[in-house]
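Visitor: One-letter residues, chain by chain:
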Amino acid sequence: GESVGLHLPTLSVQEGDNSIINCAYSNSASDYFIWYKQESGKGPQFIIDIRSNMDKRQGQRVTVLLNKTVKHLSLQIAATQPGDSAVYFCAEIPLGGSQGNLIFGKGTKLSVKP
Amino acid sequence: ETGVTQTPRHLVMGMTNKKSLKCEQHLGHNAMYWYKQSAKKPLELMFVYNFKEQTENNSVPSRFSPECPNSSHLFLHLHTLQPEDSALYLCASSLMNTEAFFGQGTRLTVV
Numbered sequence: 023g024e025s026v027g028l029h030l031p032t033l034s035v036q037e038g039d040n041s042i043i044n045c046a047y048s049n050s051a052s053d054y055f056i057w058y059k060q061e062s063g064k065g066p067q068f069i070i071d072i073r074s075n076m077d078k079r080q081g082q083r084v085t086v087l088l089n090k091t092v093k094h095l096s097l098q099i100a101a102t103q104p105g106d107s108a109v110y111f112c113a114e115i116p117l118g119g120s121q122g123n124l125i126f127g128k129g130t131k132l133s134v135k136p
Numbered sequence: 034e035t036g037v038t039q040t041p042r043h044l045v046m047g048m049t050n051k052k053s054l055k056c057e058q059h060l061g062h063n064a065m066y067w068y069k070q071s072a073k074k075p076l077e078l079m080f081v082y083n084f085k086e087q088t089e090n091n092s093v094p095s096r097f098s099p100e101c102p103n104s105s106h107l108f109l110h111l112h113t114l115q116p117e118d119s120a121l122y123l124c125a126s127s128l129m130n131t132e133a134f135f136g137q138g139t140r141l142t143v144v
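In the order they appear, the protein sequences are chains A and B.
Residue numbering for the first sequence follows our numbering, starting at 23 and increasing by one per position.
Residue numbering for the second sequence follows our numbering, starting at 34 and increasing by one per position.
Hints are computed from structural coordinates only; laboratory data are not their basis.
No false leads were mixed into what you were given.
If we take Cβ atoms under 10 Å as the criterion, some of the chain A residues that face chain B in the derived model are:
1) I56
2) Y58
3) Q60
4) G65
5) D71
6) A113
7) N123
8) I125
9) K128
All residues carry an ideal CB built from backbone N, CA and C; glycine is no exception.
Could you build the full structure based on these sequences and the hints that come with them?
Guide: Spelled out as structure tokens, the structure:
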């Protein structure tokens with residue numbers, strides 16, 4: 023079946039730098055995407071979401087970009103901090119699905135060097 | 034804390050044992066979910082309950098049996114599991130038009 027995937031399994035950045043985590047999706051019928059953060063020993067935590075009628079959405083230090091032409095989703099973290107170290111997952115909601123009915127990618131592990 | 038509580042946090046069980054995982058939410062959400070997270074694999078949706086009714090079963094083996102007595106509680110009954118069932122089992126809840134909130138998971142080891 024169709025699924026959401028991530029380009030890189032790991033990403034290492036220096037504290038204070040900006041981080042960009044990428045995700046490619048294949049289901050063009052999906053119209054809702056979410057980024058989750060999972061710290062060690064914890065469940066996934068919602069970061070930010072975006073609908074297909076938008077190409078950019080900003081939160082606190084985070085920005086999600088959606089390029090529907092190439093089916094690409096990215097998460098940008100500004101001024102990355104040690105507390106940002108975690109595994110980041112992108113996920114899509116199938117058309118007609120509820121919010122928890124998520125299809126997850128494999129995740130990118132972000133490591134922040136002090 | 035997310036408002037979704039799972040117990041136990043860790044569980045070790047033999048292949049002939051019967052055990053249950055519990056999930057509880059007091060967020061007023063109407064939908065609850067079980068996910069399985071295995072090493073090096075994406076999170077996999079197992080079951081979906083909406084207003085206590087099961088609306089999705091993603092081809093999960095019958096040795097996993099969910100139960101949703103009310104909108105705030107969700108159980109996953111386990112029996113005759115296999116070692117490959119060892120994983121982190123995550124519960125989540127949501128309203129229809131809001132994000133899903135996850136519990137911290139139960140780390141299950143089948144020996």
